[in-house]
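**Q** Listed below are the residues making up each chain.
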Amino acid sequence: MISVQHVSKTFRSGGTVTTALQDVSLEVAEGEIFGVIGQSGAGKSTLIRAVNLLERPDSGTVTVDGDELTALAPAELRRARRKIGMVFQHFNLLAGRTVRGNVELGLEIIGVDGDQRRRRALEILDLVGLDDKAGAYPAELSGGQKQRVGIARALAGNPKVLLSDEATSALDPETTRSILDLVKKINTDLGLTVLLITHEMDVVKRICDSAALIEGGRIVEQGRIVSLISTAGSRLAHELFPLGDAPSLPGDTVIDITFSGGSADRPVIAQLARTYGLDVSILGAAIETIGGNQAGRTRLALPGSPAGNARPIEDLRSQGMLVEIVGE
Amino acid sequence: MLLDPSLPQFWSDLFQVLLIGTGQTLYMVGVSLLITVIVGLPLGILLVGTEPGGLFESPFGSRRAGRVINRVLDFIVNLGRSVPFIILMVALIPFTRLVVGTFIGPTAAIVPLAVVAIPFFARMVEIAIKEVDTGLIEAAESLGATRWQIVSKVLVPEALAPMILGLSTTVTSIINFSAMVGTVAGGGLGDVAVRYGYQRYSTIHMVAVIVVIFVIVMLLQGLATMLAKRFAHRSRPSRAEKTSPMLRAEVAPGA
Chain E
191 MISVQHVSKT
201 FRSGGTVTTA
211 LQDVSLEVAE
221 GEIFGVIGQS
231 GAGKSTLIRA
241 VNLLERPDSG
251 TVTVDGDELT
261 ALAPAELRRA
271 RRKIGMVFQH
281 FNLLAGRTVR
291 GNVELGLEII
301 GVDGDQRRRR
311 ALEILDLVGL
321 DDKAGAYPAE
331 LSGGQKQRVG
341 IARALAGNPK
351 VLLSDEATSA
361 LDPETTRSIL
371 DLVKKINTDL
381 GLTVLLITHE
391 MDVVKRICDS
401 AALIEGGRIV
411 EQGRIVSLIS
421 TAGSRLAHEL
431 FPLGDAPSLP
441 GDTVIDITFS
451 GGSADRPVIA
461 QLARTYGLDV
471 SILGAAIETI
481 GGNQAGRTRL
491 ALPGSPAGNA
501 RPIEDLRSQG
511 MLVEIVGE
Chain D
4 MLLDPSLPQF
14 WSDLFQVLLI
24 GTGQTLYMVG
34 VSLLITVIVG
44 LPLGILLVGT
54 EPGGLFESPF
64 GSRRAGRVIN
74 RVLDFIVNLG
84 RSVPFIILMV
94 ALIPFTRLVV
104 GTFIGPTAAI
114 VPLAVVAIPF
124 FARMVEIAIK
134 EVDTGLIEAA
144 ESLGATRWQI
154 VSKVLVPEAL
164 APMILGLSTT
174 VTSIINFSAM
184 VGTVAGGGLG
194 DVAVRYGYQR
204 YSTIHMVAVI
214 VVIFVIVMLL
224 QGLATMLAKR
234 FAHRSRPSRA
244 EKTSPMLRAE
254 VAPGA
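Just so you know, the protein sequences line up as chains E and D, in that order.
Each residue of the first sequence is one higher than the one before, counting from 191 in the working numbering.
Each residue of the second sequence is one higher than the one before, counting from 4 in the working numbering.
Hints are computed from structural coordinates only; laboratory data are not their basis.
These numbers were taken from a predicted model, which means no experiment stands behind them.
Note that the Cβ used here is the ideal one computed from N, Cα and C, for glycine as well.
There could be a bad hint or two in this list.
Said to hold, decoys possible - Cβ-Cβ distance ranges computed for the label pairs, FRET-style: (1) E/332 / D/133: 27 to 37 Å; (2) E/389 / D/232: 37 to 47 Å; (3) E/266 / D/176: 42 to 52 Å.
Claimed, not checked - One-sided and incomplete, this derived list gives chain D residues near chain E with beta-carbon spacing under 10 Å: (4) 16; (5) 19; (6) 20; (7) 54; (8) 68; (9) 77; (10) 83; (11) 138; (12) 142; (13) 145; (14) 152; (15) 156; (16) 164; (17) 168; (18) 234; (19) 236.
What the hints assert, rightly or not - One side only, chain E facing chain D, incomplete, derived with CB under 7 Å: (20) 284; (21) 299; (22) 317; (23) 466.
Chain D extracted, bound-state conformation (with noise of 0.2 Å):
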């Protein structure tokens, strides 16, 4: 049936549509980023901490234990980075079963779209970490301070900035996948631009879904790059003080 926008309820259909479409998008979105960042994050600190060198390299006393972990977790966030989406998402409906009890609809949804940002933001966490002066952990241990105080109050805190910005990136292709996940498991704007947009003819739902995704990853995004900014504290360094090291190291022997 063709859906006819000169009809009195197309309107009010379109928004109750798009209001339970965008409540089901923002559901799956939510709940699976914040699965997302619950394992995410410690497994990007896993990550670089069980490098050689890492906080991490000798968990247990042994280095063997240190590489073993890291190759196995690198192994799996590479696994589950180049496995495209469409075949994970087909492959998983036994394991989201076994979870939910079920592979249709929005809560099922959750399970292969945390699958899929788990190892896309380990990664973005791993990146932000590395970026942390190894100065600043010495300091640390200076102080006494045990590993999971170098996590909670030196890496984390300090790698905060880009981790938000990696955060944002996440939610942003989580966005995405919800809307394939939709045309499988149902639900969620995804479903709707399907279902009233490709399969009905309605070029004004098609529109409508993809204003509504737009404004939703632009809110994101910006908010993202707030709190980066709120949470960076950093002052591009100036010329004239990058120089100065320099200029001093030619001088100093005379002065």
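This is chain E alone, in the form it adopts within the complex (with noise of 0.2 Å):
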């Protein structure tokens, strides 16, 4: 649904010069959730102004359902955006416009007529939730039912798209859960695909299918989550379960499993407890629920040497489970 190919993007301001974006790819499917998760300054918000052409790119191709957006006119590029709904972090929305006025702003964009506009609007903020609201100011409102506003407004045009730059950034936990909810709701419902950038590891976990890692302009990693859980050295994996630095335990291995699917649910510890007759130590533990499967890493220390330990360290691997061998 998005495709994003070779993108690259420089600012110049006086004489410094700044890589925001150095070769970006980047492939979301249709109907899923894509992060794309970084630190402040790594470029995730040039990126998602790229898919959109908020910020032209340098070089490099954008495809939005099909319209190569970076070779299209100026009306051309108009009409396709209206394909692409955008939520921000800080909102965005007209002081001096009721919620209904926000919402029907892109409406009225489109040239949509008064009524329709009307009907329309209501029935958006009607599944956003703030169908009560509608004759309100955004002064009046509170930053979840902002960001429930914005999202309304990027909705109210039917997109088959939504961007959302770091639209909970601005939201205390529990509001950032509950839009959290809501975006996954309307993916769910409308079929959106949605592709959000964020630097919280949570926003990711509790809705994403899919997710990229960005550092210094650059994609260090992508894919879906369920398959990088299970990629020896994934970085997105070893954030999404952080179990802290590896101890050194002189006389011991130090393993990491990491368990995804069916494998979860087993007793793995008991089972090697007790076909080994090993005395294993659980060092840590992270479990997560991503995308309705159990999935989670698991710090063990195991008595002797990892050459000792060759044979389960096999049975654990045999079973599905990625071993990653991190001390000794």
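Combine both chains into one complex, guided by the hints.
**A** Here it is in structure tokens:
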């Protein structure tokens, strides 16, 4: 649905040149929620702005729903943007318009007539749970309500894609969850493809099907979360289940086991202890439900050297678990 | 000839003179204000828009054109604002004759009044539009808005409150200058004050003119403040709202 190919962007201000994006390629499949995670300054904001060409890339192509946006003339680009809704970190609502007026903005731009506009706005406000606030002004709303208006405005024109630029970063944890649940609901009910950028791993954990890690303007890693979890050395997987630095335990082998899918609910550790007579100690664990599946990572200490533990480790691997030796 | 307040027709004459003077002042101020808004508003928008990074930074696809237009407009506005009104008024006489055929009377006075008020108001518009959050422009662009739609649906409505306040400051100075015009071109309350109050020593005329002008300014000021409030819809953010992001930043990692 969204295809970003070899996009680069540099900013020049005065004498300094900042490279915001360097040969970035990204594929977002139809109907999925794709999260791009990175720290501030990593280029996420430029990346999401490049998708609807608020920021025109220096090179590379951006294709959304079959339209190669980077090749379109201004008028065609404006038409193509109607298929791409966007929500912002600071909501960007018009202070002089009511909630309904804000939602109608996009419809006015398209040229929908007054009566139809009003009906559509109320319908969408109902969907985001703000039907009772149609006549209120943004200044009278809480942060979470403002973001719901932002989402309603983005959805009013029936887009196929929703771009979310740190939509929850200005919200408290509880409101963040309710907004993420709303995004998930929209994704499921309307079949909308969502591309979001965030610096919070929780956002990726809670709603994303796929994720990409961006650092210094480059995509370091990307893929479906289910497969990232079972990829050895995946930094995203490590971030999803943080276990901290590996301890040094002389005489022991420290391993990280990553479970996903079926292996998550099997008594793996008990089996290991029984079958091999090992005194297994659990050093740490993180279990999460991701995309409806239990997944997690456990750090164990097995007595003896890695060579001496080759058989139990092999056994775990044969059960479909990812085993990484992190210390000895 | 001195005026005698004890004469029976003095007060009816005063009333008559004030009525005509007020009417002429309102006419001069009203029409020049209208012209000021019609010319000054687009001028102010262009001043902001043709800046680098602005909405019209490259008109006709040329960044150079944008820069040139911006410099020229900026120069004109600065020129208009820096020439003292009394000089401008006299210097404009040939132009005024060209436009209205004469340089005497209330209609002729409109020309210098508009010329002095346009750059003043354009700056006010520029300042008001610059205050509009660029995020709002992005939001409108993301919805597929044209530049004209961004101006008409976002920039102008969102800058309406400060623009109305700017307009009220502009009116006050137009009224001020209209009195000065009266002494040269004739007409309006300024003319009344000079001809009756100054040249014929009638303190009553002088006081009456001051009172009428004061009342007009007060009424307009009050109206502007009311309208600005009506269009602002901005409740001041409470302290709690302002500090919460910082608090959250401290709490979040552990939460």
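**Q** All hints are to be evaluated individually against the structure, with a verdict given for each.
**A** Here is what the structure says about each hint:
Evaluation of the 27 to 37 Å hint for residue 332 of chain E and residue 133 of chain D yields a pass: the beta carbon distance comes to about 29 Å. The hinted range of 37 to 47 Å is satisfied by residue 389 of chain E and residue 232 of chain D, whose Cβ atoms lie roughly 39 Å apart. Distance hint check for residue 266 of chain E and residue 176 of chain D: the Cβ-Cβ separation is about 47 Å, which falls inside the suggested range of 42 to 52 Å. Interface hint status for residue 16 of chain D: violated, as the beta-carbon distance to the closest one in chain E is roughly 49 Å, over 10 Å.
A hinted interface residue such as residue 19 of chain D counts as satisfied when its beta carbon comes closer than 10 Å to some beta carbon of chain E; here the least separation is about 45 Å, so the hint is violated. For residue 20 of chain D, the interface hint is violated, since its Cβ never comes within 10 Å of a Cβ in chain E; the closest pair sits about 44 Å apart. At its closest, the beta carbon of residue 54 of chain D sits 15 Å from a beta carbon of chain E; the interface hint therefore is violated under the 10 Å criterion. A cut of 10 Å between beta carbons decides the hint on residue 68 of chain D: the least distance to chain E is about 17 Å, and the hint is violated.
Restraint check, residue 77 of chain D versus chain E: the minimum CB separation of about 21 Å is more than 10 Å; hint violated. Hint on residue 83 of chain D is violated. Least Cβ distance to chain E is approximately 30 Å, over the 10 Å limit. At a threshold of 10 Å, the smallest CB-CB gap from residue 138 of chain D to chain E is about 4 Å, leaving the interface hint in force. Interface hint status for residue 142 of chain D: upheld, as the beta-carbon distance to the closest one in chain E is roughly 4 Å, under 10 Å.
At about 4 Å, the closest approach between the beta carbon of residue 145 of chain D and any beta carbon in chain E falls short of 10 Å, and the interface hint on this residue holds. Contact between residue 152 of chain D and chain E, as hinted, is supported at the beta carbon level, the nearest pair being about 6 Å apart and thus within 10 Å. Checking residue 156 of chain D against chain E: minimum C-beta separation of about 7 Å stays under 10 Å; hint holds. Using the Cβ-Cβ criterion of 10 Å, the hint placing residue 164 of chain D at the interface with chain E is satisfied: the shortest such distance is roughly 8 Å.
Because the smallest distance between the Cβ of residue 168 of chain D and any Cβ of chain E comes to about 15 Å, over 10 Å, the interface hint for this residue is violated. The interface hint given for residue 234 of chain D is met, as the beta carbon of that residue sits about 6 Å from the closest beta carbon of chain E, less than 10 Å. Restraint check, residue 236 of chain D versus chain E: the minimum CB separation of about 4 Å is within 10 Å; hint holds. For residue 284 of chain E, the interface hint holds, the least distance from its beta-carbon to any beta-carbon of chain D being 6 Å, beneath 7 Å.
Look at residue 299 of chain E: its Cβ gets to within about 5 Å of chain D, closer than 7 Å, so that hint holds up. For residue 317 of chain E, the suggested interface contact is broken, since its CB lies about 18 Å from the closest CB of chain D, more than 7 Å. Proximity of residue 466 of chain E to chain D is violated relative to the hint, the smallest CB-CB distance being about 38 Å (cut-off 7 Å).
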